[in-house]
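Undergrad: Listed below, chain by chain, are the residues.
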Amino acid sequence: MPTDTIPGTPPAPVLRSGPAQELSANPTYLEAVGAALDHEMERDPNVFIIGEDVGQFGGAFKVTKGFLDKYGPRRVVDTPIAETGFTGLAAGAALVGLRPVVEFQFADFISCAFDPIINVLARHHWRTGDPMPVTMRAPFGGRLRAGPTHSQSVESYFAHVPGLKIVMPGTPEDAAGLLISSIRDNNPTLYLENKYLYRRLRATGPLSMEPIPLGVAKVVHPGKDITLVTYSAGVHQGVEIAQELDKEGISVEVVDVRTLVPLDVETIVNSVKKTSRCVVLHEAAKRLGYGAEIAATIQEEAFWHLDQPVVRIGAKNTPTATSPPLEDAIIPQPAEIAETLRKVARA
Amino acid sequence: MPTDTIPGTPPAPVLRSGPAQELSANPTYLEAVGAALDHEMERDPNVFIIGEDVGQFGGAFKVTKGFLDKYGPRRVVDTPIAETGFTGLAAGAALVGLRPVVEFQFADFISCAFDPIINVLARHHWRTGDPMPVTMRAPFGGRLRAGPTHSQSVESYFAHVPGLKIVMPGTPEDAAGLLISSIRDNNPTLYLENKYLYRRLRATGPLSMEPIPLGVAKVVHPGKDITLVTYSAGVHQGVEIAQELDKEGISVEVVDVRTLVPLDVETIVNSVKKTSRCVVLHEAAKRLGYGAEIAATIQEEAFWHLDQPVVRIGAKNTPTATSPPLEDAIIPQPAEIAETLRKVARA
Amino acid sequence: MSKTDKKAGSETLEGRDPELLRRVYEVMVLTRAVEDRMVAMYRGGDLLGSLYTGHWHEAISVGAASCLRPDDYMAPIHRDLGAHLWRGMEPWQVMASFMGKATSPTGGRDGTLHYGRLDLGIYNLPSHIPANFPVATGMAFAAKYRGEDKVCLAFCGDGSTSRADFHEALTLASVQSLPNVFVIENNQYAYSTPLRLTSHSAKLSDKAVAYGIPGVTVDGTDVLAVRDAVGEAVARARAGDGPSIVEGVTMRMHGHAEHDPADYVLKELYEEYSKKDPVELFENVLLKGGVLDDDTVKKVRDDARQLAIAARRKALADPMPEPSNIEEGVYAD
Amino acid sequence: MSKTDKKAGSETLEGRDPELLRRVYEVMVLTRAVEDRMVAMYRGGDLLGSLYTGHWHEAISVGAASCLRPDDYMAPIHRDLGAHLWRGMEPWQVMASFMGKATSPTGGRDGTLHYGRLDLGIYNLPSHIPANFPVATGMAFAAKYRGEDKVCLAFCGDGSTSRADFHEALTLASVQSLPNVFVIENNQYAYSTPLRLTSHSAKLSDKAVAYGIPGVTVDGTDVLAVRDAVGEAVARARAGDGPSIVEGVTMRMHGHAEHDPADYVLKELYEEYSKKDPVELFENVLLKGGVLDDDTVKKVRDDARQLAIAARRKALADPMPEPSNIEEGVYAD
Ligand SMILES: Cc1ncc(C[n+]2csc(CCOP(=O)(O)OP(=O)(O)O)c2C)c(N)n1
Ligand SMILES: Cc1ncc(C[n+]2csc(CCOP(=O)(O)OP(=O)(O)O)c2C)c(N)n1
Ligand SMILES: [Mg+2]
Ligand SMILES: [Mg+2]
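Chains as they are written, first to last, in this note's numbering: chain Y, 1 to 347; chain V, 348 to 694; chain L, 695 to 1027; chain D, 1028 to 1360.
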């Protein structure tokens, strides 16, 4: 590692002490992201946030509200609309010792940074041995009636690419702990925030700022009849459905993979070896959604334990519609998910 | 369809009669692409080719050699280095009745047009009902010692995206017939040319200019013990290996899917239902390679016919190295493919 | 902010077609009336998401669109209701789009600002800005390819000038001498981002120098100044002399969208521009010039209000789409 | 082609440090010697793929690099062997890179022109051009962030000025007033594409107007003209006054790469520039100015040749990499 990447950053003056945002007793998913970012910026003067409208405006979804007052324009950087440019900028800053956190206003616009993400950030360490600690935050997903170019699930655009980590928290607790680990990770990390959950999902209590390791899945609801492998919004959906099916005598084990890359195959496979049946759920379109990788892997690793084929649930292979009746027909609904679990469990 | 998209193009003067390029008796994969493009440009005045160095230079790989002399600069358009720009230009031209064929100099550089491809071209027809007949040609793949940013397999960047068709011919005959269908198709089509095959693979005889329908797989080597599902360079590799394994008493059925989207699931599944064993092969990295979609689909559709799990063969989950011993260790080699087929067939 | 290059075009009405001036005025008034109704609908919770309006963009949007022939192409943005209405878009269709109704131009598949109709020669853009710029070069390319003398007029905001699409489209249009006119609607802000964080050039029209094409900045609240500049640019493009940039300077008088209180905006700017309502300014010019009298003005405003009210009634009554065919139409036959 | 803005800087050597001039000359000579050897290696089939050389780029590459401090950052391209050598890159490492040897800076994982060493403050760019431009803004951003007075110097070709990365990087650097210097190596062609199909602006440095920053065009075969212009720009950046563009006009005297016969190039250009070898031109200036005498010139050229020969020998003898750890290092710890 070149000497001049040893952090030489002067201790960053904090212009205002205390948290950038006051947290509620049961912080939301949105508050959890903000609190974790705040925590890391306080802890490490090399961490800064860059993106469109992240300063005075506090970001389109208000994740960075209060950050400008607390950290100043040096560490809270408003950019022109230039996704290719500021993603490449983050790469250059990371190469020489900073730890940029890039905010994409909507995950849909990460398409404009696809080139630098896969060709500048992802492949760099393997090519050169240089570090590339960039965290890319992006609010993704549908159900907000935002239409084909404001509702995309983007994980499948990137999961094939070597050198990226992909983090998709499903709870406020994980949102905090996984963002902290992402920022401390020395690799380019795609941290995808389900914007539908921002204000709808709350933590059960105060948040811990302990890092949660990347690559460790979690059994969020134990069960014995069937395994539901999912992530992001699928987690709370899955748990609610599992609780309902418990009453019907179907015991669903819900596994939250939490990070798609690296993927904790062991935890998934162990659950399937126990239940012998598996459904994979995500909001993204089904064709080459990450469910394809998970299903293909499960049948490779646990074929002899499977009583039924692994079933994938994803959105229809269409863009995401704006109009409610259309969007609801495209994105998997709880009733449909429950029905699929029943069918596979009872088959 | 708006009235002014009814082709109003004046018959295009052909400046020089006869083929743009003389074909050899057994045309190469490269000649097949050029001949099919030439055929369509002669046939339809709305078809034009646009890209970097496609004019006087005839393109980096010489696919359009002779085209400028034959069709002139109006229909053979040299561009600045502006992948986002000329891909969007093609979309606009297609909307009002032209049929652009875009050449990306290397498939690696299609990353710079990822945004318009998925957000402007792919989703447009579903959103609006307008046509979007754009064909995007890109030379992809490794084994030319060209390294991490000149050797990429790009199909997995796009196969998740609704509205695109993805065509990956494995023989000169298919290269011609599938390109003709792609150009006549009213949808954005990604036509991926394996550049390693350009001068290495020859047709068995003169080429037919009959269109080959998109979405129809082909059994290129019949067999009964095991199915090898593949595409592009995997086709001739697979057939050669199948012939070798015939001698060992292992009968391999090689299925060339030819188009990834739409995917001919029926032909694949029928073969697997016959052989009960399946290996999927591609040059792209394994994680979320298209083999994941194929394997997941097969176990969904033919689970009860499978004697063994579907095995995926793909490149290692690393960038593609430049140095021969490294690249050869990353990209699947014939011996490794044959060995996997033996294992699965005999298991 | 960008200084304007030329005096406002409204000093004199000499040599201008009164009939055309009246039509321009009518569409500007209708635009305002429809958007005011839509703001009410937003506040009343009738719309799906947020609402993007073009208050104070009417002069640029209608003025520029009015320089085109019906068979020319257009690639407008979310501030350009006026340009759509000029071309014959029905107000109720626009409302239906913001409501996700079955009767919207996309049948509710897309929605909000995505209502462009190709049968009116208008590109229906995605959210990514300015994706319409490269597409506009393609429409212009097609016209030139066919030997037609059509022009394509594309709009973008100040904030969009920093994007890849802007640069690559302008580069292509200039080296290929395409019949394009690129109008920059400089409303001082990109969402919350002020101009100085978007561009360091003195004027946004200075970017024309990078492409070796004409660039001019005009008062975007003066519809005749816009018409003069865009008219020149359209004539140049039609004559085969290539693309130009026209910057119109105005102010975004509402939030980025209606959900945005826009408390980040400098009060002075609001004060300055509250005195520069493009519709009122033009109305006064026409009254002073004797093209309109008070009765006509009243009638135009009443008709616009009635049309907007009727549109609102129809849009509210229109059905939501039915999902049965949702998987159809991903691919064209 | 771009006209130059200022007279060549070589009119006088007054006030220039002879020691520095000698070092610049030595590195230019070494660059030529090494590239001539590599051309021979290419023809001899010793290299993996093609070979990109910087013949006639030596003045821009070495001249610009020589304006930096050792702790400044640099983001050079495939014409800039000279800049790498100025910083201490070993010739044999470059040859090893084009051969995919284990001893190349990437150990054969990447290769050919991808040999930049971060320990020399040099970014190792991917193939996508000019991806090094946004990265260069980040290195400059980091320096400013830390209150250091480091500068980042980035190079690109004429053909790269049309790309997204060029525009977005320049926009960012200008609005944030980053300590960047952007050097455009205008060698008249982008692969087979002549300048007129790349840009419609009179000069490539005119693009600076779009970003409100200084832009200047100099004779890229005159190393002192380059040094004067880049030196000014570096001083400006270091003083906190923001980025600039310096265009150096030269000619690509070989094919795009050695496989390319470049028969599309205008003969006149070859003729004009065959008389403008930057190394010879500078040599004559130094001889005339009494900074060098014939013996020193002979010694410098002999030493360079010997160094290049030794490098070739070592690179040829070096081992190919061993694949056992190929899956390691995709992720950093
Ligand atoms: C590529 C891209 N990045 C970000 C956005 C989010 N966004 C939508 S509108 C907007 C501001 C646009 O400002 P400007 O171009 O000035 O147009 P205005 O809204 O001010 O009329 C932003 C950042 C987007 N639509 N596309
Ligand atoms: C985004 C992208 N598109 C296409 C290419 C292929 N390519 C490599 S070098 C080159 C020409 C570059 O010309 P210029 O920028 O003038 O540099 P020069 O080689 O002339 O020094 C092209 C088209 C590329 N590397 N990156
Ligand atoms: Mg604006
Ligand atoms: Mg060049």
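Honestly, the hints are just simulated from the structure, not real lab data. We put the CB at the ideal spot given by N, CA and C, even for glycine. Do not take every clue at face value.
[As the list claims (entries may be wrong)] Just a few of them, taken from the derived set where beta-carbon distance is under 8 Å, the chain Y residues facing chain L: (1) Pro13; (2) Asp53; (3) Gln56; (4) Pro148; (5) Thr267.
[What the hints assert, rightly or not] BS3-like cross-link-like pairs, simulated, lysine-lysine; straight-line CA separation at most 30 Å: (6) V:Lys620 x Y:Lys273; (7) Y:Lys70 x L:Lys961; (8) D:Lys1171 x Y:Lys62; (9) L:Lys838 x V:Lys417; (10) Y:Lys343 x V:Lys620; (11) Y:Lys316 x Y:Lys218; (12) Y:Lys286 x V:Lys417; (13) L:Lys961 x Y:Lys65; (14) V:Lys690 x Y:Lys273; (15) Y:Lys286 x V:Lys594; (16) L:Lys992 x Y:Lys62; (17) V:Lys633 x Y:Lys218; (18) V:Lys417 x Y:Lys274; (19) D:Lys1030 x Y:Lys65; (20) Y:Lys316 x V:Lys565; (21) V:Lys663 x Y:Lys273; (22) L:Lys969 x L:Lys992; (23) V:Lys409 x L:Lys992; (24) Y:Lys273 x Y:Lys218; (25) V:Lys620 x Y:Lys274; (26) L:Lys992 x L:Lys970; (27) V:Lys412 x D:Lys1294; (28) V:Lys620 x Y:Lys316; (29) Y:Lys224 x Y:Lys343; (30) Y:Lys343 x V:Lys621; (31) V:Lys417 x D:Lys1171.
Undergrad: Look at each hint and say if it fits the structure.
TA: For each hint, the structure was consulted:
1. Pro13: violated (22 Å)
2. Asp53: Result: holds, 5 Å to nearest chain L Cβ.
3. Gln56: holds (5 Å)
4. Pro148: holds (6 Å)
5. Thr267: violated (34 Å)
6. V:Lys620 x Y:Lys273: holds (25 Å)
7. Y:Lys70 x L:Lys961: Cα-Cα ~24 Å, so holds.
8. D:Lys1171 x Y:Lys62: Status holds; Cα separation ~27 Å.
9. L:Lys838 x V:Lys417: holds (20 Å)
10. Y:Lys343 x V:Lys620: holds (23 Å)
11. Y:Lys316 x Y:Lys218: Holds, because 27 Å separates the two Cα atoms, which is no more than 30 Å.
12. Y:Lys286 x V:Lys417: violated (45 Å)
13. L:Lys961 x Y:Lys65: holds (22 Å)
14. V:Lys690 x Y:Lys273: holds (23 Å)
15. Y:Lys286 x V:Lys594: violated (40 Å)
16. L:Lys992 x Y:Lys62: The hint is violated at about 44 Å.
17. V:Lys633 x Y:Lys218: Distance ~25 Å between Lys633 (chain V) and Lys218 (chain Y) Cα, so the pair holds.
18. V:Lys417 x Y:Lys274: violated (67 Å)
19. D:Lys1030 x Y:Lys65: Violated, at roughly 50 Å.
20. Y:Lys316 x V:Lys565: Holds. Lys316 (chain Y) to Lys565 (chain V) sits at ~27 Å (cutoff 30 Å).
21. V:Lys663 x Y:Lys273: Holds. Lys663 (chain V) to Lys273 (chain Y) sits at ~26 Å (cutoff 30 Å).
22. L:Lys969 x L:Lys992: holds (21 Å)
23. V:Lys409 x L:Lys992: violated (68 Å)
24. Y:Lys273 x Y:Lys218: Satisfied, since the Cα-Cα distance of roughly 16 Å is no more than 30 Å.
25. V:Lys620 x Y:Lys274: holds (28 Å)
26. L:Lys992 x L:Lys970: holds (20 Å)
27. V:Lys412 x D:Lys1294: holds (22 Å)
28. V:Lys620 x Y:Lys316: OK: Lys620 (chain V) and Lys316 (chain Y) at ~26 Å, within 30 Å.
29. Y:Lys224 x Y:Lys343: Since the Cα atoms of Lys224 (chain Y) and Lys343 (chain Y) sit roughly 15 Å apart, the hinted pair holds (cutoff 30 Å).
30. Y:Lys343 x V:Lys621: holds (27 Å)
31. V:Lys417 x D:Lys1171: violated (55 Å)
Of the hints listed earlier, those the structure fails to meet are numbers 1, 5, 12, 15, 16, 18, 19, 23 and 31, in rising order.
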